[in-house]
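Undergrad: Work out the full structure, taking the sequences as your base and the hints as a guide.
In the order they appear, the protein sequences are chains S and C.
The numbering used here numbers the first residue of the first sequence as 1 and each following residue consecutively.
The numbering used here numbers the first residue of the second sequence as 1001 and each following residue consecutively.
FYI, nobody ran anything at the bench for these hints, they're computed from the structure.
Check the hints yourself; a few may be wrong.
Claimed, not checked - Computed footprint of chain S on chain C; a stretch qualifies when at least three of its residues, placed anywhere within it, have a C-beta under 8 Å from a C-beta of chain S: (1) 1019-1026; (2) 1051-1059; (3) 1073-1085.
All values derive from a computational prediction rather than experimental measurement.
No residue lacks a Cβ here, since even glycine has one placed at the ideal position from N, Cα and C.
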Amino acid sequence: MRGGHRLSPVSQDTDAELLDRLRVGDEQAFVILVRRHHAAMVRLASSFVPSVAVAEEVVQDTWVGVLRGIGGFEGRSSFRTWLFRILVNRARTAGERERRSVAVGDAGPAVDASRFDETGHWLSPPQHWVEEADDRLSAVKMADRIRSAIEGLPARQREVVTLRDVEGLSSEEVCSVLDISEGNQRVLLHRGRSRLRQIIETEFGRPG
Amino acid sequence: MTLPKFRLRRRDVVCQQAVELVTDYLEGTLSRADQRRFEAHLAGCPHCTEYLAQMRKTIELTGSVAPDDLPPQVQDEFIALYRQWRADPPGPVP
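TA: In structure tokens form, the structure reads like this:
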């Protein structure tokens, strides 16, 4: 059904198995790993650098780093966490972004204040659409809409939402990859998810 | 950081606060007392219950965004990169 993360359609082998093959010089294992992670890596790198072209250079550079460092990778973290950490380090350098500046950015409320009365109760409550989203046609359309909505998020929110909700990393892994605190991770996740919910709501033609 | 942080001083959570607590709730990071207040609010508020369901659905939909596959040309570039690496590793040999 889904499974963008975990196992790619090109191979059922886990990252760890592919890594073992790569260690003994298996080119095919390298190609499978690249295919499996490429889209996520470009998406993530794009948060840090001004263009997709630069993001793709960062991704290539990251794989060179992987090949160089594979002997030292001991598997204490998952391969993906290690890979994304290398990527983020290189992307930050390429994007000349401040390492520690975690601007929450666009810290608006989860729901526009105008939808509550002065006592904080719903004035314009959310309308029901959850089952409609399961309809197959709208699901395909929605995936496209969500992809572009993710791209439209402020960079920090995009990084966290991509890693957590698209790639399925744990909060600990996201903190490790982006070098941010648990608290910041949650705030960014909250903003990003809230924004995506608004966009989906608007898509269903309901108040947004 | 300018997160509007709702301190739940009063006994009851109102809707506008509840929507800001959803992620902490789903992440399991609310204190036990705050979690109780949040759930008590949900029990009496169909709108916020709907809101929580929509956030769960949003997360599910976001997870269904499949990554694009690699265009063949890009794949060839990576194969070239790998072969170059094998021929002339620029770092410690694996």
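Undergrad: Examine the region 1051-1059 of chain C: at least three residues should have C-beta closer than 8 Å to a C-beta of chain S.
TA: holds (count 7)
Undergrad: Do three or more residues from the region 1019-1026 of chain C put their C-beta atoms closer than 8 Å to C-beta atoms of chain S?
TA: holds (count 5)
Undergrad: For the region 1073-1085 of chain C, does the count of residues with a C-beta closer than 8 Å to a C-beta of chain S reach 3?
TA: Coverage by chain S holds for the region 1073-1085 of chain C (9 residues, Cβ < 8 Å).
Checked against the numbered hints listed earlier, the structure breaks none of them; every hint is satisfied.
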